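Visitor: Now for the letters of each chain:
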Amino acid sequence: MDTPLVLKILYSLISLAVITIWGLSLGGIVRKIYARVQGRIGPPFWQPFIDIIKTYGKRTAVTHGIMFFLGPVFRIAGGIGTYLFIPAILGSTIFSNFSVSGDVLLVMYFIFFGQLGMALGAGESGHPYSAIGVARGLAQMTAFEVPFALSIIAIVIQYHTLNITTIVLAQQGSILNWTLFTNPLATIAALIALLGMNMHNPFSVVLAPQEIPIGPPTEFHGSYLALMQTNRGIFNAAKLVLYMNLFFGGATNIFALIIKTFSIYMISVVVGVSFPRFRTDQSIKFFLFVPTLIALLAIIILVL
Amino acid sequence: MRYTLILGFILFMIGLWAMLTRKNLFKIVIGFSIIDTGVHLIIVTIGYLSGKTAPILDKLVTPANAVQKVVDPIPSALVLTAIVIGLAVTALMLSYVVRLYKRRKSLSIEDYRELKW
Amino acid sequence: MVNPIMIFILFLGTAFLFALFDKIHRKFSFAILQLVLLINTFIAGQWLYKFVFTSQTPVMIFTAGFKPPFSINLRMGLEEAFILFAVNFVGLLSALYLSKSFKHSKVYPLVLYLMMIMGVNGIVMTRDLFNLFVFLEISSISTYALIALKENEQRLASGFKYMIASGLASVFFLLGTIFIYHITGTLNIDQIITHKSFVITSLGFLSVFTLMMSLIIELKPFPANGWALDVYQTTTSGVVSIIAVANSAGVFYAFYKLLPLIPHNQLLFIAGIGIVSFLFSNLIAIKQTDSRRLLGYSSIAQIGLLITVTALTRYLHVKSSTSLFIISSIFLSNFIAKAGLFWIAGIIKKTHIKEWAILRFKPGLLIIFGVFIFALVGIPPFPNFWAKWDLIRFLALSKLHIWIILILLGSLLEAFYLFRWFGSIVRSEQNEEQLLQPAYKTVPIIIFFLLLIIISIGIPIHIYQFDILPLLPIVGLLILSIFDFLPSKLKAIISMIIIAGYTLYIYPVLSGVSLVFAFIFLAGSFIQLIATMSRKGTDKGFFPLLVGMILSMGSLLVARSSLEFFFAWELMTITAYMLVLRGRKAEKPALLFILFSLAGAYLLLSGLSYAHVINFSLVGLGTIPISAHMLPITAFILIVVAFLIKVGAVGFHIWLPGSYAEAEDDTTSFMSSILSKTGIFGMLILLLFLLKMNMHHSALFTSMLGWIGIFTVFFGSLMAIFQEDVKYLLAYSSMGQLGYIVLCMAAMSHLGWVSGLYLAVNHLFFKAMILLAVAGVISRVGTRNMYEMGGLIKKMPYSFISVLIGIIALSGVPPLSGFGAKWLIYTALLEKGWYFRAGLSFFASAIAFLYLFRLIHTIFLGQPKPQHQNVKEASPFFLIPQFLFIFAIMAISMFPNLIIKPLSTFINPYFASTIQWQGNTLYSSLGYWNGNLVMYVTMGVFMLLLIWLIISIGRVQKVKQFNIVFAAERPFKPTTTHFAHNFYAHYKRALGTFVRPVTTGFWNGVGEWISSAAGSIRQIYSGNGQTYVLYILLYFIVLYFIMGGK
Amino acid sequence: MIKRLLIIVVIILLIVIFLPFMKNVILKDSLNELSSGYVEKSVSDLKTANIVTAVVVTFRGLDTLGEVTVLFIATAGVGLLLKRKKGEKSKKSDKRPASEILQTGASFLFPLTILFGVYIFLHGHLTPGGGFQGGVIIASAFLLLLLSNINFQFNHTVLHWVESLSGAFYVLLGLLGLILLGSFLNPKFLPLGTLGTLFSAGAVPLIYSFIGLKVGSELSNILDSMRGAEE
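Top to bottom, those sequences are chains A, B, C and D.
Take the first sequence: its letters are residues 1 to 304, numbered as in the working numbering.
Take the second sequence: its letters are residues 10001 to 10117, numbered as in the working numbering.
Take the third sequence: its letters are residues 20001 to 21046, numbered as in the working numbering.
Take the fourth sequence: its letters are residues 30001 to 30231, numbered as in the working numbering.
Since the hints were made in silico from the structure, they are not lab data.
Keep in mind that the hints are not guaranteed to be accurate.
Among the chain B residues that face chain D by a calculated CB cut under 10 Å, a handful are [as the list claims (entries may be wrong)]:
#1 10017
#2 10063
#3 10078
#4 10096
Subject to a maximum C-alpha distance of 25 Å in a straight line, what follows is the list of computed SDA-like cross-link-like pairs (lysine to any residue) [what the hints assert, rightly or not]:
#5 C/20023 to D/30158
#6 C/20319 to C/20195
#7 D/30003 to B/10030
#8 C/20287 to B/10113
#9 C/20196 to C/20258
#10 C/20103 to C/20031
#11 D/30028 to B/10053
#12 C/20349 to C/20104
#13 C/20287 to B/10117
#14 C/20150 to C/21024
#15 C/20988 to A/222
#16 C/20441 to C/20290
#17 C/20794 to C/20870
#18 C/20196 to C/20151
#19 C/20958 to A/222
#20 B/10023 to C/20154
#21 B/10059 to D/30045
#22 C/20795 to C/21024
#23 C/20973 to C/20697
#24 B/10027 to B/10090
#25 B/10105 to B/10049
#26 C/20150 to D/30227
#27 A/58 to C/20950
#28 D/30041 to B/10049
#29 B/10105 to C/20151
#30 D/30003 to B/10113
Only a predicted model underlies this, so the values are computations on that prediction, with no experimental measurement involved.
Glycine included, C-beta positions come from ideal geometry on N, C-alpha and C.
Use the sequences and the hints to build the structure in full.
Guide: Printed below as a string of structure tokens:
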């Protein structure tokens, strides 16, 4: 709070840089794992960095209009913003980011910012696949949002606060203080929701390679795509950090952060490699059924 | 004089029967007249006091004993009015029947029911 | 003072000599006829004046030089003077109306006409039972004869049926009279009434019963009234208006005069007779297509209502001045309106109600027609409204619940068919036809119209001591009506001036929450009025109604009593209805709108009547000490449902989408962003009462309300995503947003109310913005189907921007103000412990994304259509208000304390504050939010990235429409490439079960059921005169046994 | 058939309902207060021998005025419905003329009947009868004329004048009562005379005469209208 603004911005940039690198590497690692599971060698874990550098290097030739142009900006601003509103490491000034501006509600809603902008950009491209992808993505999002929100409500009931830092503080001391153990049902529900958020199988119909090329970003190329790829790293990591804070006791140092986020991510990866893809309506029904019930149960137990 | 009272009501019912069951317009009007007559009879009966005479002063009915000797003049006066009114209504009804017949050449009430609902 | 007996002398003297006058010239005799009626009107008027404005006491007029009971006497009192004035006046006007018929007829109709009016005069004045019979016969017989004026077969047939039915009734009268004479030994009504204890004997009861039944049958009760309907349907207009109003008035007064004979415990049966007639006549009228017969049913219904009211007020021993006011108001509304409508029927000369559509081309006549219909329904300020208000209050005080229900139900049915008729005329697509409006026919109509207006304005001022404040909406409406010939732009400016003036005028009264609503209602309207400048030409009628509506909303804020509140409420409803009806396809939706609104208004009316508090209003709230039991549970439920209807809560929402969607585009914006908040305002007052008086179970009620709110949000949002029509989408979206507000208000906490009001203001901004932008778009592309648009961003960038800002604000995505609303809502809900509601509202707000994206995508993004090649940006009049709202949104997004701080202060008197400020950070007990910082961070990141992107990619080529990666081919045409139709098919597959039209199905079922009930009930009118006689007898018998004849 | 049954039921029920009218009426054997008052007053105050006439013309004069009006309305109504308009000439009637006996009898009886009628209404205050009865008798004289002479035409001018003026004079007499004595239809403004003579009872004989003329002309008018409708 008392940190001067310039310093604050500087700290944020550092924090952002770290998380970007970690996020992208995580993406690479996952691709590697996927490949191995499928019996391929797969790209090296630094492949995302290569991809980004390559796409930045490509000439960005065309634009479909102003929203198309702004779409990626929205997207990455959304990712960065989301991260910036989460306190990444407990007690660290550098990694506390701009979490003073709002609580977990802010983070939850800021997630939409990028998605909305992206959807708009994709929309202007006029490509039907983009629109289809967006329609699917948004629909799926509404569905996984329900168990996610419910489990957050459960957490709020549990800790009587919306403040992420406070929530993390409450989980300190012992591994048994983690929400994972104090409130397993909520954690499970939230983790299932995470599968949807990460759009891995079985909830990958939004991007649906082989079906609608790559969904929303179909028309994007060059720098646009690069921005979006960067964002994918940041955004992924941001989500994981949020989960870590809410359910896994947060992190007191960078290593804890890395280990915890990696582990959380692995859950969805494991599920992703072992399941085929759901249709949109199937995944909606799924999210509104199983995890929602679990989360409701969590709330009911807490209220009682 | 209860008999005339009952007779009045019998006329009433006969008239009603005619109004309800006869299809012929004229007969319905006649039924109405019969009802009217029945009611007039009832009115007169109400005014009648047995053994008394008409409320007109003459040699027998003197101003001194008039009150003891005459029947109630009010119903007589009323029935006069009622008869005239009955007459007027009947006359109009008959005129209607005449006009209706002129128009459609039918006297059956069943033929005049396209207005409904 | 002229001796009232002169009325008879004049009538008879002229009538007897009429044949001679006529020998001179028809013009002369007709002039005499009118002169007589004029003088008599004057005589009655003079007496009326004396009774109303001086302390004149009723006088008795003796005849023949003897005192009653020996002679027949007449009475002239307030009631008599009132009815005589009305009857002679309508006689005068109707004579004028009939002047052409009279000119070409024989002399007899004129004589008959005079005698008919005289008969009614006699019925009213006489105090002798048998004399009453004579006058009844005079008016009946002349009516029988007049029915044959301009004779045709149907008139003859109906006249004959009338005669046998009415003849039978008069026989009953005679029978009753003679036996009453036999028992009491007198024919003087006053004496009979003083001896009325004889009624307890079986003979006495039977006599009185027979007598009263005769009058009741003459009043045409359902179902013993087939003959009367035929007469209404066929008789020529001028005559039928007299039959329907003057004759009925006379017979009704006879009934009124003799009613004291009915024992107190039997009065409810009499009231029952009336209510059955009222309900069933109105029910059957729904199925009616013949205009005259429809009016006939309505007349019969109104008479039924009068019977009920008369019997009930007597039953309840209501103070005579009050009961007189109620009865005469209902009487007068029907009297004027029915005569007027029958007269209009004579101008239209069409039987089928749909054919009345030619009225559309006669605006003057159409307005009059509408006013008459409103008067019948009881829209303020017409007399029926006041009567209903007082009546329901009395019934509620006396706990006659079932009567309230029945009366209001009947009124609703009546409103249904009358408004359906009105709507079908206004919105018909029939072509113009020649319509003769001869002066002799229009003048009476106009005179009655003016009379109605004068009375309607007189009542509130004189009887309810209204000052100018509550009447300002009407004043505003009238002012704009005067200027209606001016071009729209000018009228919009005048409207803005009026609203600004009004705001200044009421400003001193406003404080606290009423300021918030004043801002929404008045400032919101003011800004949106700019958009109405885009209207072309003079666009008659729009501005008066709009100003009327806006000022009525203002009136709600400053109402000091329940009556003023309800008055403003109804005024607002009717003006809104008229505005909705202006939409091109709005016939059905407008009907639904007015039906639900009226149902709501009636609920409100009965709720207010049950409340033991006479100032249900925000201003009134402060002036009275609040105690428990002020608002019984019934009252609370009734009122809350009324407001829920207005808000469009789930279950009562089916009126909402249609009327929002089909109203004109700028009207929709007013309705959705402003008008809907009136329900919230009402609910706020209600909750304030609840809060102050500690009602039993109040927590349960508010909890229920919360659930209703959240389900409204959920279903509203869910239904919105499946709409193809942009206005339907936005309508459902409004429903959802209003649901949030209800939810917040129901939370009954500081934070809840702050968030409710915050959302209310915010909703005004973004919904007005989006709707105006969409209105602009529709005005250019000419369709409302979103899939027929697309790619409009390039043609209409400004509209796009405001929709973009609007949807961001609506969806609650930071950094715009919508997030503030969301943050407040969730915090409030979680504080309150409403976890499931919070969960559901998360879901709903996610669903909102779906329709919002669809909205912006299918209209502005995707593939543009070839037919929109040359579309231009929307008119600046649409854009200016939008940008003002954008500015407002930006301001409160950057500085949330700008709005949250005052709101919080306004709520402080009611709830202890649970939020605190630290700089720009808002702290609740659970979390915190710094809108300012969020904005800076977001904007900072965004701008940095944008700049970086611009720099890094340099020049890019703008490509044409079809230049996309499409399986290496160019897409065929935009219609197939624009992914827009059935956008969320998958969602429908998953959650379609929730949007099955259950509610619509339910209400449709109700409608269907009512309609088929009406259809089968009306089969009893077989058309056979004998059957009708049989019904009369059956009616007689059944009632005798029901009333416990001994 | 069901309807017929229903009608029978209705009538039986009506009889049941009306039973008190027949059963519970206590037939009186003396005049009630009102009627004995009438008897006394008509003798002492009005000098009218026929008490019914006193009631009809004076006490309940307004009824009688109404009654005349009803008849007047009926005339107008029948006229409206049945009377041919001027110029709408009736077709040449092909009915055969009345029999010799009827014609002779009618021409003999007509003046006598008229005279009788006049007698009846002039003595209305003394003997049974009065304006209505007299009027009806006069009308029946005209009926006789109509029956006996198929080509008989009323002199409409005379008829109208008689009808109009007699009615107007009736009202005028009532008005005189109002002006002179302060109450409408008060016949006492003319000398009351002695009970039982022709010139007694104030204006009653005058009123009854006008009523007689009015009723006679009105009924004749109705007859005329009804005949017009025949073919």
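Visitor: All hints, please: hold or fail.
Guide: Taking the hints in turn, this is what the structure says about them:
1. 10017: Because about 6 Å separates residue 10017 of chain B from the closest Cβ in chain D, which is inside the 10 Å limit, the hint holds.
2. 10063: 4 Å, holds
3. 10078: Residue 10078 of chain B check passes; min Cβ-Cβ to chain D is 8 Å, inside 10 Å.
4. 10096: Status holds, d = 7 Å.
5. C/20023 to D/30158: 13 Å, holds
6. C/20319 to C/20195: 23 Å, holds
7. D/30003 to B/10030: 21 Å, holds
8. C/20287 to B/10113: 19 Å, holds
9. C/20196 to C/20258: At roughly 11 Å apart (the allowed maximum being 25 Å), residue 20258 of chain C and residue 20196 of chain C satisfy the hint.
10. C/20103 to C/20031: 11 Å, holds
11. D/30028 to B/10053: 14 Å, holds
12. C/20349 to C/20104: 19 Å, holds
13. C/20287 to B/10117: Since the Cα atoms of residue 20287 of chain C and residue 10117 of chain B sit roughly 9 Å apart, the hinted pair holds (cutoff 25 Å).
14. C/20150 to C/21024: 23 Å, holds
15. C/20988 to A/222: Violated, because 36 Å separates the two Cα atoms, which is more than 25 Å.
16. C/20441 to C/20290: Holds, at about 21 Å.
17. C/20794 to C/20870: Since the Cα atoms of residue 20794 of chain C and residue 20870 of chain C sit roughly 11 Å apart, the hinted pair holds (cutoff 25 Å).
18. C/20196 to C/20151: Between residue 20196 of chain C and residue 20151 of chain C the Cα gap is close to 45 Å, so the pair fails against 25 Å, i.e. violated.
19. C/20958 to A/222: Holds. Residue 20958 of chain C to residue 222 of chain A sits at ~15 Å (cutoff 25 Å).
20. B/10023 to C/20154: Roughly 18 Å separates the two Cα atoms, so the pair holds.
21. B/10059 to D/30045: Holds, because 20 Å separates the two Cα atoms, which is no more than 25 Å.
22. C/20795 to C/21024: Answer violated: residue 20795 of chain C to residue 21024 of chain C is near 69 Å, above 25 Å.
23. C/20973 to C/20697: 62 Å, violated
24. B/10027 to B/10090: 12 Å, holds
25. B/10105 to B/10049: The given pair, whose Cα atoms are some 49 Å apart, is violated under the 25 Å limit.
26. C/20150 to D/30227: 21 Å, holds
27. A/58 to C/20950: Given that 25 Å is the threshold and the Cα spacing comes to 15 Å, the pair holds.
28. D/30041 to B/10049: 20 Å, holds
29. B/10105 to C/20151: 16 Å, holds
30. D/30003 to B/10113: Answer holds: residue 30003 of chain D to residue 10113 of chain B is near 17 Å, not above 25 Å.
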